[in-house]
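Input sequences plus hints: build the corresponding full structure.
Chain by chain, the residues:
Protein chains: 2
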Amino acid sequence: MSEDAPPFQTQDHDSLTIPLLSHQQRSINSTSQVAIVGANVCPIESLDYEYWMAFLVFSLSNLALTLFAAIITAFISPAAAGSGIPEVKAYLNGVDAPGILSIRTLIVKIVGSIAAVSSSLLVGKAGPMVHTGSCIAALFGQGGSRRYGLTWKWLRFFKNDRDRRDLVTCGSAAGIAAAFRAPVGGVLFALEEMASWWRSALLWRAFFTTAVVAIILRALIDVCLSGKCGLFGKGGLIMFDVYSANVSYHLADVPPVLALGVIGGILGSFYNCLLVKVLKVYNLVNEKGTFYKIFIACTISIFTSCLLFGLPWLVSCQSCPSDASEDCPTIGRSGNYKKFQCPPGHYNDLASLIFNTNDDAIRNLFSKNTDSEFQLSTMLIFFVTCFILSIFSYGIVAPAGLFVPVMVTGASYGRFIGMLIGSWGNLSHGLYAVLGAASFLGGSMRMTVSLCVIILELTNNLLLLPLIMVVLLVSKTVADAFNGNVYDLIMKVKGFPYLETHAEPYMRQLTVADVVSGPLQLCHGIEKVGNIVHILKTTMHHGFPVIDESPHSESPVLYGLILRAHLIALLKKKAFLCTPVQLGADAFRHFSSDDFAKKGLGNVDKIEDIELTDEEMEMFLDLHPFTNASPYTVVDTMSLAKALILFREVGLRHLLVIPKISSRAPVVGILTRHDFMPEHILGLHPSLVRSRWKRLRFQFPLLLKIF
Amino acid sequence: MSEDAPPFQTQDHDSLTIPLLSHQQRSINSTSQVAIVGANVCPIESLDYEYWMAFLVFSLSNLALTLFAAIITAFISPAAAGSGIPEVKAYLNGVDAPGILSIRTLIVKIVGSIAAVSSSLLVGKAGPMVHTGSCIAALFGQGGSRRYGLTWKWLRFFKNDRDRRDLVTCGSAAGIAAAFRAPVGGVLFALEEMASWWRSALLWRAFFTTAVVAIILRALIDVCLSGKCGLFGKGGLIMFDVYSANVSYHLADVPPVLALGVIGGILGSFYNCLLVKVLKVYNLVNEKGTFYKIFIACTISIFTSCLLFGLPWLVSCQSCPSDASEDCPTIGRSGNYKKFQCPPGHYNDLASLIFNTNDDAIRNLFSKNTDSEFQLSTMLIFFVTCFILSIFSYGIVAPAGLFVPVMVTGASYGRFIGMLIGSWGNLSHGLYAVLGAASFLGGSMRMTVSLCVIILELTNNLLLLPLIMVVLLVSKTVADAFNGNVYDLIMKVKGFPYLETHAEPYMRQLTVADVVSGPLQLCHGIEKVGNIVHILKTTMHHGFPVIDESPHSESPVLYGLILRAHLIALLKKKAFLCTPVQLGADAFRHFSSDDFAKKGLGNVDKIEDIELTDEEMEMFLDLHPFTNASPYTVVDTMSLAKALILFREVGLRHLLVIPKISSRAPVVGILTRHDFMPEHILGLHPSLVRSRWKRLRFQFPLLLKIF
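Going line by line, the protein sequences match chains G and B. So the first sequence is numbered by the numbering used here: it starts at 1 and just counts up by one. So the second sequence is numbered by the numbering used here: it starts at 1 and just counts up by one.
Keep in mind that the hints were calculated from the coordinates and are not lab data. It cannot be assumed that every hint is accurate.
Remember, identical chains collapse to one label, so a pair may be satisfied in a single copy or spanning two.
To be verified - Derived EDC-like pairs: lysine to aspartate or glutamate, alpha-carbon spacing no greater than 20 Å straight-line:
#	residue 1	residue 2
1	K642	E500
2	K642	D161
3	K537	E615
4	K528	D614
5	K159	E500
6	K492	E679
7	K642	D163
8	K528	E504
9	K574	E527
10	K277	D163
11	K573	E527
12	K528	E618
In this text the structure is predicted, and so the values were computed from the model without any measurement.
Listed below in structure tokens is the structure:
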């Protein structure tokens with residue numbers, strides 16, 4: 001039984017997951033048990049009948065759960081589909097995709113993830129838990145939810161971009177901390193994978209968050225130790241506490257470990273590549289409508305059920321070891337020796353892996369002193385199955401994590417390699433499984449410190465540290481030669497304009513003037529209401545330069561930058577002037593600071609909702625007091641790479657470009673995130689693309705959809 | 001025996017430390033042994049004589065070692081004194097203090113640290129190892145050392161600010177990784193405490209560095225396991241592997257743990273406060289000359305010897321426990337039961353702590369199932385001794401770390417509290433010692449994640465994680481209410497202009513124009529050599545604005561910013577023009593990229609070294625091709641806090657201030673790091689200082705020296 005007891009909302013999630021799963025597994029086990037008991041007295045048709053009956057129950061319950069998850073996701077909150085980590089990562093980079101952190105997404109994510117994990121699909125729960133944590137944090141960051149009556153007054157202090165970003169970072173750390181009981185790993189995950197901006201204070205806050213998670217987990221374990229938790233089991237801080245004894249390894253063990261890392265890196269990048277291709281195909285199908293989305297989910301569910309129920313027939317039964325530390329065969333609970341359709345005193349090793357929760361499968365693979373338990377063919381079949389299923393399961397329209405599937409796949413790969421190496425090495429097969437999981441995770445997710453600490457916290461053995469470090473470094477290095485981090489690739493498929501830290505080499509050859517584009521919409525310091533409405537209605541820009549006609553200069557002067565949200569707030573208050581005069585600080589009389597606070601993600605005011613009379617349209621607004629009078633600026637001859645550094649490091653949304661020679665207009669344009677996207681730049685300057693094949697892709701955007 | 005096997009140079013360091021220490025200790029032990037054996041047959045005067053003889057040997061050898069460390073530090077490289085962590089931290093923030101990363105400092109640091117640690121002073125080695133690692137890294141970052149013939153061609157790629165900074169960060173991570181065998185802790189230390197700028201790629205590189213450290217340590221341990229290491233012992237990855245068994249604790253144990261955290265925080269901030277006061281007094285004495293510096297060091301050494309040799313007399317002898325797992329009393333090696341002057345079958349518990357390496361003292365304090373081994377009075381005496389000695393030992397003119405002394409002090413404090421709580425709590429005294437060390441470290445150094453991981457890696461028990469997290473969070477929170485991080489305070493005493501991430505509240509009330517000062521030195525695009533030499537000789541600025549007289553504008557136009565180093569490189573090449581004409585790209589003909597590469601810290605060219613004839617002084621230089629034509633700029637009406645964000649996040653050294661209204665000169669001034677220092681700003685605007693007492697300090701700078 002999984003020993004998870006995650007905090008806050010996700011707690012319900014898991015406590016539901018496990019009863020469902022175990023109920024289902026128990027039904028399988030009891031069915032097969034009946035079948036086998038029956039085999040001794042009934043004719044063979046009866047056994048066949050029982051077997052098909054079991055399969056029917058299994059696949060139908062899986063299908064029902066998948067269907068439920070898919071329907072709520074597709075109809076209530078499509079943003080809840082998938083892992084959620086790429087979306088949160090994009091949010092922390094500054095991309096406000098609609099609905100990804102709403103309360104609706106939160107609920108669908110929790111319920112859908114329970115259903116999806118229970119439906120025997122090879123999907124994880126770590127990603128959904130990160131998303132859940134982030135959603136809860138975002139809820140705090142927007143002052144609760146007015147629509148659902150969940151508001152607190154003191155939350156208004158967090159209603160700004162930076163605090164909301166910090167809260168979401170802490171929420172994602174809490175998600176990993178809860179999913180793997182790895183508080184330090186959670187902090188590092190948030191730091192290495194999620195956050196785009198980081199500062200020392202945030203490190204401390206994230207640490208505080210995960211400490212609270214750890215303490216709540218520990219308190220729940222205290223309760224569970226007294227046996228009051230039912231199916232939660234007896235609890236325990238470490239998930240896969242399989243290596244608490246000393247592990248000894250020597251320099252001679254380094255070459256196989258290196259090999260494990262290299263192959264893991266290649267497999268991981270291959271995995272990423274296939275996953276992205278499958279996602280793109282899914283996207284093409286999904287574009288046709290909601291029905292197609294749900295159809296794919298159901299197909300995958302049936303495919304998974306068939307595979308899981310059929311594959312154990314391929315391997316032969318093993319006789320139980322005489323010195324087994326647990327019951328053999330085991331029935332009706334997790335364990336290393338599942339009976340499936342074997343005669344008494346025998347067990348089916350593939351069934352032992354398949355008819356278990358993913359957590360227990362990993363525990364079985366990681367376990368030591370079980371070198372003779374699994375057959376080579378079993379391990380190969382299981383590895384290939386996991387590899388394929390996890391790729392095809394990810395893209396369906398349901399909450400689905402990647403972390404655990406990748407870990408299971410990696411563990412089976414590692415154990416397979418360990419069995420191939422056999423007695424040549426000194427390490428146990430279980431240790432190879434741990435290292436295999438590390439290498440595959442490293443090859444796919446490309447994290448280093450955080451993965452290392454998460455695996456250490458999972459296995460509870462610091463002596464493994466040097467080996468895990470080596471494996472992670474090798475696999476990451478190898479995989480980086482082929483493609484990117486799996487979450488970054490998914491973000492790219494989803495089309496999020498993620499801003500990288502480093503400038504691409506060709507950006508050094510371009511100046512800001514080369515990419516800044518379009519006719520610029522300007523406001524005057526004192527502007528007619530009608531003009532403002534026109535500008536807001538005809539463009540979708542979020543920031544506008546404000547200029548002043550200077551009396552002692554022939555050309556107008558740049559006064560500052562005003563945000564669309566602030567213009568709308570001004571229009572909404574209707575504190576207009578009859579004549580074009582400057583108001584000064586007096587202008588704030590009509591406004592409270594709350595009017596300009598950052599709105600929640602879903603309830604931004606729209607210009608279309610504001611109704612103005614013709615008379616009002618002829619009146620004036622003094623924008624000076626509401627304008628950011630000293631925005632960051634760059635000259636148009638600055639290299640694009642240098643402008644990117646300013647834009648990225650300071651965390652801007654708009655960067656004003658001013659002319660180097662002051663005789664022209666006071667502002668050349670505004671750089672936004674989209675102007676730094678490689679697709680945009682290379683679209684403007686196709687000659688910069690090195691390879692001819694890639695150049696074709698930019699000239700014919702349709703090709704981009706699949707390749 | 002300490003089980004350290006740090007990598008690279010520091011290896012010699014430790015391998016020397018231990019023989020010296022043990023030799024010395026053995027001499028003490030054997031002397032006292034002789035004395036006691038003699039006591040059975042000789043009259044009492046003989047025992048007295050032997051005791052004084054032992055004291056003489058002990059204190060003289062201590063004095064000699066201290067003197068050696070102090071002399072080489074004072075005469076060869078004063079920058080090697082102290083921990084080195086504040087200096088490296090300041091360097092990573094952008095402060096190039098002279099000589100702190102030179103090869104000379106490196107050698108003095110290694111040799112001096114060995115002598116200082118061996119001389120029974122309560123000084124640590126973690127700080128010096130961080131400094132050592134950083135010096136080695138900086139050596140790579142400046143392309144080796146030409147003076148000592150250590151150069152490699154490929155190192156020239158690192159000759160720039162950013163790569164050098166990254167290398168030094170990795171070096172400091174390696175230092176902690178080697179000192180505590182904590183590779184993950186090392187990375188986190190570098191991230192949380194040292195680095196001012198951080199990016200994902202750097203995380204990976206630091207992880208790679210510490211992985212190499214971990215692997216080399218592991219390989220050395222493999223060698224040591226075969227018994228070929230002599231005094232290194234048998235090795236083992238974890239330093240204080242005292243808690244590998246299960247530790248159980250419950251919610252009822254939380255209140256004492258919280259109390260431990262609160263008191264630890266108060267003690268830690270008090271410790272910081274005292275340390276800074278003592279440092280300021282030392283600084284006043286040190287200003288009088290080198291003799292005084294060495295005198296202080298010798299005084300502290302004699303004081304320490306007296307204290308260490310005298311204190312064990314204060315406590316009574318304990319009879320050996322019958323079920324001791326090791327020899328009792330132990331003679332001639334580390335252990336929990338030192339005989340000192342006790343009768344056979346007895347041991348002196350204070351001597352067990354004092355006549356051991358700091359590592360072994362910590363191990364003794366952390367050990368479990370030894371609740372009856374130490375007396376309450378012993379623990380109190382030891383705590384007070386460590387507290388005082390570590391404060392007075394830090395400021396002497398010798399390499400001296402803070403980490404281990406703080407840890408010993410904290411462990412004794414924790415164990416003392418544990419003994420006070422006694423049977424009311426369920427935790428063992430050893431566990432209280434671990435938590436006490438954590439709380440005192442947290443209260444003094446204010447790190448969170450990194451300290452947590454370092455302690456976990458030291459104690460090798462992940463089950464302690466929630467407790468350690470709670471203690472660290474509480475102690476840091478409490479201590480933050482009183483003063484800052486110990487390293488930041490030391491930096492302030494040393495006068496490094498460290499740039500904080502966050503802006504002080506009063507910076508929001510000021511504009512850039514309020515702090516930018518002084519008559520500005522300008523260069524023209526095509527400038528007379530004589531003028532350049534004059535500007536360079538009369539100012540110490542490192543950057544100069546370059547302006548152009550524009551033909552179609554009455555006022556001159558800002559062209560860009562040129563660095564002092566580049567002007568000197570231009571003057572050195574003497575590629576002057578006879579007439580003021582613009583050259584264009586042709587100008588680069590005379591130069592290679594290496595001419596403008598960042599020089600090593602010690603060998604920057606000076607303007608005084610360049611000799612020019614009167615004829616050359618009348619010639620011209622075209623500065624355009626060598627000028628940064630698009631420097632980052634801000635307008636003079638920008639809030640100072642906003643300018644600080646740009647300055648700090650992008651990592652600038654010079655920030656050009658341009659006028660908001662373009663009718664005046666094209667540039668108002670240059671902001672440098674010093675303009676953002678609170679002392680500078682509050683000196684210009686004393687009315688901003690809240691408290692009257694503090695305002696006085698800024699008006700009478702002499703008061704600042706001590707208070």
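- Item | Within, between, both or neither, where K528 and E618 count as close if Cα-Cα is 20 Å or less | Within one copy only: 6 Å inside, 59 Å across.
- Query: Given a CA cutoff of 20 Å, do K574 and E527 count as a within-copy pair, a between-copy pair, both, or neither?
  - Reply: within (14 Å within a copy, 57 Å between copies)
- Query: How do K159 and E500 come out at 20 Å by Cα distance, when the copy is not named: within, between, both, or neither?
  - Reply: neither (26 Å within a copy, 25 Å between copies)
- Go through the copies and call it for K642 and D161: within, between, both or neither, with a Cα cutoff of 20 Å. Cα proximity of K642 and D161: across copies only (16 Å, versus 24 Å in one copy).
- For the identical chains here, do K642 and D163 meet the 20 Å Cα criterion within one copy, between copies, both, or neither? Close across copies (17 Å), not inside one copy (27 Å); limit 20 Å.
- Query: Within a copy, between copies, both or neither: where do K537 and E615 come within 20 Å Cα-Cα?
  - Reply: For K537 and E615, the Cα distance is within 20 Å only inside one copy (18 Å; across copies 67 Å).
- Task: First find the shortest C-alpha distance between K528 and E504 inside one copy, then the shortest across copies, and answer within, between, both or neither for a cut-off of 20 Å.
- Result: neither (43 Å within a copy, 39 Å between copies)
- Tell me, please, which holds for K277 and D163 at an alpha-carbon limit of 20 Å: within, between, both or neither? So K277 and D163 fail the 20 Å test inside a copy (37 Å) and across (37 Å) alike.
- Same-copy or cross-copy closeness of K573 to E527 [CA-CA at most 20 Å]: within (16 Å within a copy, 57 Å between copies)
- How would you label the pair K642, E500 (within, between, both, or neither) given a Cα cut-off of 20 Å? within (13 Å within a copy, 23 Å between copies)
- Identical-chain pair category, K492 with E679, by Cα at 20 Å: Within one copy only: 11 Å inside, 48 Å across.
- Can you give me the call for K528 and D614, within, between, both or neither, at a CA distance of at most 20 Å? This pair counts as within: shortest intra-copy Cα distance 12 Å, inter-copy 64 Å.
Violated hints, listed in ascending order, are 5, 8, 10; each of the other numbered hints is respected by the structure.
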